[in-house]
Every structure is written in structure tokens, then in C-alpha cells.
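Starting from the known structure of chain A, arrange chain B on it as the hints suggest.
Line by line, the protein sequences are chains A and B. So for the first sequence, the numbering used here puts the first residue at 1; every next one is plus one. So for the second sequence, the numbering used here puts the first residue at 406; every next one is plus one.
It should be emphasised that the hints constitute simulated quantities derived from the structure, not laboratory data. From the three backbone atoms N, C-alpha and C, an ideal C-beta is built for every residue, glycine too. It is possible that some hints are incorrect.
Here are the computed distance ranges between Cβ atoms for each label pair [said to hold, decoys possible]:
#1 A/Arg-382 / B/Arg-453: 25 to 35 Å
#2 A/Arg-382 / B/Arg-490: 51 to 61 Å
#3 B/Asp-774 / A/Asp-369: 21 to 31 Å
#4 B/Asp-599 / A/Glu-292: 32 to 42 Å
#5 B/Asp-774 / A/Asp-204: 46 to 56 Å
#6 A/Arg-85 / B/Asn-766: 47 to 57 Å
#7 A/Arg-85 / B/Arg-698: 26 to 36 Å
#8 B/Gly-802 / A/Met-145: 29 to 39 Å
Here chain A is said to cover these stretches of chain B; the calculated rule only asks that three of the stretch's residues, wherever they fall, bring their Cβ under 8 Å from a Cβ of chain A [said to hold, decoys possible]:
#9 475-484
#10 720-731
#11 736-749
#12 772-781
Number of protein chains: 2
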Amino acid sequence: MTPRSSQETGVLANVRLAGGAAADIVMRDSLIAEIATAPTLETDGATRIEGEGMLVLPGLVDGHMHLDKALAGLPWMPHPAGPTRLSRIETEKSLRGDLPPVQERAANLARQCVAHGTTAIRSHVDIDPDNELTHFHALMEVREMLAGILDLQIVAFPQSGVLRAPGTSGLLEAALTEGADVLGGLDPIAIDNDLDGQLDTLFDIAERCDTGIDIHLHDAGADGLAEINALCERTRACGLAGRVTVSHGFCLGSAAPDEFERTAEAMAAVGVSLATHGGAASPLPPVKALRERGVEVFAGNDNVRDTWSPFGNGDMLERAMLLAWRSGFRTDEDLEVALECASAAGARVLGLEGYGLSVGNRADLFTVDAETPGEAVAQRPRRGVVVKGGRVVAREGEFADASGT
Amino acid sequence: MTPRSSQETGVLANVRLAGGAAADIVMRDSLIAEIATAPTLETDGATRIEGEGMLVLPGLVDGHMHLDKALAGLPWMPHPAGPTRLSRIETEKSLRGDLPPVQERAANLARQCVAHGTTAIRSHVDIDPDNELTHFHALMEVREMLAGILDLQIVAFPQSGVLRAPGTSGLLEAALTEGADVLGGLDPIAIDNDLDGQLDTLFDIAERCDTGIDIHLHDAGADGLAEINALCERTRACGLAGRVTVSHGFCLGSAAPDEFERTAEAMAAVGVSLATHGGAASPLPPVKALRERGVEVFAGNDNVRDTWSPFGNGDMLERAMLLAWRSGFRTDEDLEVALECASAAGARVLGLEGYGLSVGNRADLFTVDAETPGEAVAQRPRRGVVVKGGRVVAREGEFADASGT
Chain A
1 MTPRSSQETG VLANVRLAGG AAADIVMRDS LIAEIATAPT LETDGATRIE
51 GEGMLVLPGL VDGHMHLDKA LAGLPWMPHP AGPTRLSRIE TEKSLRGDLP
101 PVQERAANLA RQCVAHGTTA IRSHVDIDPD NELTHFHALM EVREMLAGIL
151 DLQIVAFPQS GVLRAPGTSG LLEAALTEGA DVLGGLDPIA IDNDLDGQLD
201 TLFDIAERCD TGIDIHLHDA GADGLAEINA LCERTRACGL AGRVTVSHGF
251 CLGSAAPDEF ERTAEAMAAV GVSLATHGGA ASPLPPVKAL RERGVEVFAG
301 NDNVRDTWSP FGNGDMLERA MLLAWRSGFR TDEDLEVALE CASAAGARVL
351 GLEGYGLSVG NRADLFTVDA ETPGEAVAQR PRRGVVVKGG RVVAREGEFA
401 DASGT
Chain B
406 MTPRSSQETG VLANVRLAGG AAADIVMRDS LIAEIATAPT LETDGATRIE
456 GEGMLVLPGL VDGHMHLDKA LAGLPWMPHP AGPTRLSRIE TEKSLRGDLP
506 PVQERAANLA RQCVAHGTTA IRSHVDIDPD NELTHFHALM EVREMLAGIL
556 DLQIVAFPQS GVLRAPGTSG LLEAALTEGA DVLGGLDPIA IDNDLDGQLD
606 TLFDIAERCD TGIDIHLHDA GADGLAEINA LCERTRACGL AGRVTVSHGF
656 CLGSAAPDEF ERTAEAMAAV GVSLATHGGA ASPLPPVKAL RERGVEVFAG
706 NDNVRDTWSP FGNGDMLERA MLLAWRSGFR TDEDLEVALE CASAAGARVL
756 GLEGYGLSVG NRADLFTVDA ETPGEAVAQR PRRGVVVKGG RVVAREGEFA
806 DASGT
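One chain only, chain A, in its complex shape:
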């Protein structure tokens, strides 16, 4: 029921575009060849995928995950850690030996994400002196296993700190040499107690490896703002404009107006983007205010039912809903902002080429039983098909392998 090779032609027939028009989408060589809104269409020999009149949207982009921490596919495990971030770091390490292999759990979660309509993920992966590169190698396997089904970008992430865990910097650099896409970091002040020390180390590695940086910044108040501003200054100095992300940046959600203006301006000036999971119990950075000042804001599910969080199911429409709900978005126009954070904005930050529902772009898309993109976000209705490179990879919320079964 779906093309078996990328040379075949497929038609996703009987769908509706965001503006409401009925359409058939012709796909060839993994790309969108035609978006036909006329009632008839010549597609002799093309494989027909029935769209059931659903809304079609470009594939969702999950810009911040931790696939290696997943418990997907396992029975429920009550959250075992204490209330602090350090407790979660240490508790997780103590559990590792008792869990199934990382690649199995990570692939389970990745498939679950695909089933909801996600076609690209940026996942952080824990690298520390205990596990060394084992989690990273597991995610490299998952990336290979899901090639053609999911674009997987890997961030080499020092979950135990950089200076706090001697040996980590060499491991991060090794991962980047072996194929990690982006360099990670973590709260230089709270975790390493050395803002300049961690940032110096990270930017040294980033320059040597010619890679971008995506750094977790949970630190609140003045510490967080100092971290972001120092990050922006180094981004400029090292010529990394447009390649650096702040993940979370909760301090932006509680900053005084003048501090917010100054910091948002610094981010916009050097193209430092912000990844958010919607804030949960922390202050949420103001999405629209950041976008208006030129900061790219994109969304990710972050921890999905894992050793860090009991919540989440991998659905980026649900994440867009949470982001919208916390942002006070109500109109369809605002809900579409949340959807953009969960799709096109992430695609821009991840550098996905040929993203979007236009002729000549990659045929990465999904259908959802909604009238408008706003309804898709607010109500997260059932999904029809998920198509990656012109091939069906999920149906009715269930992962199907790339041969369409």
C-alpha cells in the first residue's frame, strides 16, 4: 500500500490543507512532486494512500528529547529519585544496570514518537566517565536502525557535569568525532560551579569539532541570565552565530523587564535559539515576546516517562498544547505559533533541508482528524498516516515499518 522504493510515485489522496482546500499530494523520489487541489489527477501506477479527508501537516519536529533515559515498553516504574536535580542524576546512574539495553528502550520511544507524527528528533545522550560512550553508541545504532523513518540528531550531553566529572570533555569530543551532531552542556554554575570554566571547555571543543552547542540551562534568576549572556558573548567571539541553543532557560520566564529585553536582544543578535518543553513547574519563557525580538523558539518533549519524569507520551501535538496552555494561547493564530514551535521552528534550528508542505520539499508529513491546525494543537485528535520520504511509517497511531506493514 506504500511505495517500496523511493523511485515509485505515491499519492496521499483526499486530504485537506491548512487553509481548508481539499488536495491530493503526489510524492516522488522522497519529495513532494505536486500538491493538486483540482478534483481529478492523473497518477497512473501511483500507490494511493487514503487521507480520509483529514488535515495534512508537515512532520512534527521534537527538538529536545532524552531517548537514552526512556522506560518505553517497560512496566510502570514509580519515580525513584529525590526532589533535586543532583538526586535525579545519581539515582539514574544507579538504575542503569537493571534496565534493558539503551538501544531497545530508545528505539521503543522513537517509534512511539513517529506514531504520533514526528519525523525528526534532536536527542541529548548522556556521556559521563561511568557510561563513557555506551549510550552514545546505542543512539548511533538507533539512528542507523531508523534511517529513512526518522531524522535523528544526537547531542553529546554531559549529564554529570563537565568539570565536576573529570574525563568528560575528552569523551564529548570523541563522540563528536564519531558522529554526534551537536555539543551539549549543563548549568555551568549550579553543576560545575564555574561559569567560565565550563563555557571555555565547551567552546574549545565546539571550535575544534566545528559543531554547534545546545546547553541545558535550568539555573534561575541572576545565575541563569549571567549564563545566557556569557553564552551569547562567546557565541559571537567564536563565530558560532546561529548554531547555539539554550534549552529551558527558565530564568527568562521570571526576569525583570529590562533584564529580559537585554538578554533577548543578546540572543537574537547572535542567533541563540531557545528550546522549551513548556516549563512544567518552572517559569515559562514568554514565547511570543521572544519571537517578536527575533529569537527562534522551538519545542521538545524532553523527558518522556523515564527515570526523570513520569509524564509524557512522545506526542508533539500534546507538547504544543502544553506550551500553548501555559502561554495563555487561545486563538487559532496563537495555537499555530505553538504548532510552529513543534514543527517548522525546530526544523530551522536542526537545519533540516527541504522541510515543509511545498512542492520540491521532502515528503515528511502526517494526517490528523482536525478542522484546523489550531484544533490539532488544542485537541490532539487521532492521527491517520505518518509519511516519511514518501513512505508510510505509521497508521492510526501505531508504528509501521518502512515497508508499510
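Just chain B now, kept in the frame of chain A:
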């Protein structure tokens, strides 16, 4: 498949209790007659309801809804109002004439709630000089229509204000005389610009009608705290201890520590409870801190896909998840706090007699495909059956009428 009269005996067989034990639940005369954890059970002639090994929980209690505003069952309608509360009030009024009858929309949403496991709802209903008692009468019809399926408590709610909309106070009193259960109110400072004026009017009516009060307080900062403290003082003076609720109380989520202590203490002293929908874009009152100080906190879905909000589906497990997510709850113990807000705490405030999963209590319960109550909250898995007074009222997430079809 389900008892046709309340005299029949039914067995909800093959379920698991919150502690993990397998059980059969025998139901007779609308009540729980036995909770049998032994492997065999004599129930000759009893109607068997298969529990599929799922977790059984007491019926969910939705402590704050607006059934009369619902768009349930209608095609998607993008949110039409401007960004202010007053715009939502006025926009809603302008739309009323174009919508299907209130009782139809309200019943649709109520059935949707039941399908998710809710067995009791407190719904506010708009009363103002324009619609007079028409919405109230519609909800009285819905209550009658769903008798035996759902406990529906009605709050006579002055959505357009009390003093701001002359004639409202008489209408509120008329509704209470005709069968409304609770008197509502709304932001005395922001809406009526007269704290004492609105509260004097409300407490006069409450004393005359011998009813409790549930007042919407969105006002932030000092205004909100002044409103709550004035409410507590009048609650004491009028002998209404234990019968007054603050809905939302966002000001408690951003109060300075000493103001919070003083206000929480005032609430606890006169049994003023707090209803919350999880805060959305507003500061969330600290659930555990309030409970520790003796304030009863309960949850409600508030606006569910209506003229006020595009979000929500009526599922109180999803509401408990949102409350937990925003509260930073992660452990099963904390997730159970959120579940209690969505069940037993609401039952206490609504005064539901015989609530809870114990012999002699009402057979109001539902099954969910979860290992623990914590998983039920965090993951909101599929529902099996919903049982009200011993009879199946929903199966597999779909409403079934009281005869079990």
C-alpha cells in the same frame, strides 16, 4: 450485561486495587456490598462485569466546570474573543443565539466526562439579565436527564458580575430557590469594582437561602488576597464555615511567603476550600503547601472546548496530570495527591455521601489500564468501564446509557 434495577447484584470481576491486590467487587442496591480479594466468590445470579485485570478507582469528581458554555459535539470553532476576560464575557453573549440549545451542548460534554470516569460534577451556570434563568433551567434539565448516571451540582454564577449587571442578585436568589445548589460570584474588585458591595450581596443571599458559596477569584496580587481574606472574614461572621470555595485563587500562587501564610491560615480556619484547574498561564497556588496548612484543594476541568477555551476534553485524569505537571510532582505519592484533588477531595467539598472504594459506599467507580494510581495520572491510559450506582454507564471511553447499551 449490567443490572437493570438497583436491586440486582452485580460483580465487577477481575480488577486490581490501588495496593495491587486482585479483587472482585460485589455491588448491590447501588452500593459496594463486598470487596473480595479471595480467588473465588459465590455470586450466583449476579451480573458479571469483566474488569480485564485493570486498576479500579473511585469515580472522578470534576469540581469546577461550565457545562452551559460547551461546544461539545459541534464542529471546531476558532476562539473568537479578544485577550481580556471582559471580551470573553461579551463575545460569549453575542454568540449565544447562533449555537444549539444549552441542554444539548451541556449534555454532550457531561456524557464525554462520564466516558472518562467522572461520576460527579460541580458546574457553574451563567445567570445574567440577558439570559436570565434559561441556562440554569437547561442545566436542571440535564441533571434530570442524567439522574442515576452523574451527580450534578449547580452553581448559580453571575458571569457578567453582580453589581455591574443590575437585576442579577434577584435572579441568583431565584435560581437557588428553584434548586441550584451553590451560589457563585466573580472577582468583586475587577468586575464590580466593589469588594464589600459584591460580598455583602452574596452573603445576604447565602444566608437567606442557606447555601454555600463558590466564587471565581482571578484577581492577582493584593486585590486577590484582599478578596480572599474578606471572604474568610464574612464566612466566619455568617456561620458558613466549611461551605465556601475560592475558585482559581491565582493570587495564592504569587503571594509573598508571609501573605501566603496569613491567607492560607485564614482559609483553613473557616474551611474555605480551593478549586483549581492547574493554573494554565496564571500562577498556580501551591497544592501541597495549602493541604499541609489544612486547606482542602480540589480540581476541575473548568472550560472544556468552549467559547472561553480551546483546550480540554473532560478527562479528569488529564486534569490531574496538568495539576501534577505544573506542581512539579513526580513520585507516585505526589501523583496520588493530584488524583485525590480530582476525586476524594472534590467529593468532600461537594458533600457526596458514601464516596470511596469501601464496603457500604456507593458503587461509583471506573477501571483504567494502569499499574498504579500514579501511572493513571501521569499517563492517562485507556478506560475500561465506568460504573455509577452499580450500573455500567460507559465502556472503553464511550458513553453508554444506564441500561448498559
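Checklist entry - What hint numbers does the structure not satisfy? => result 2 and 6
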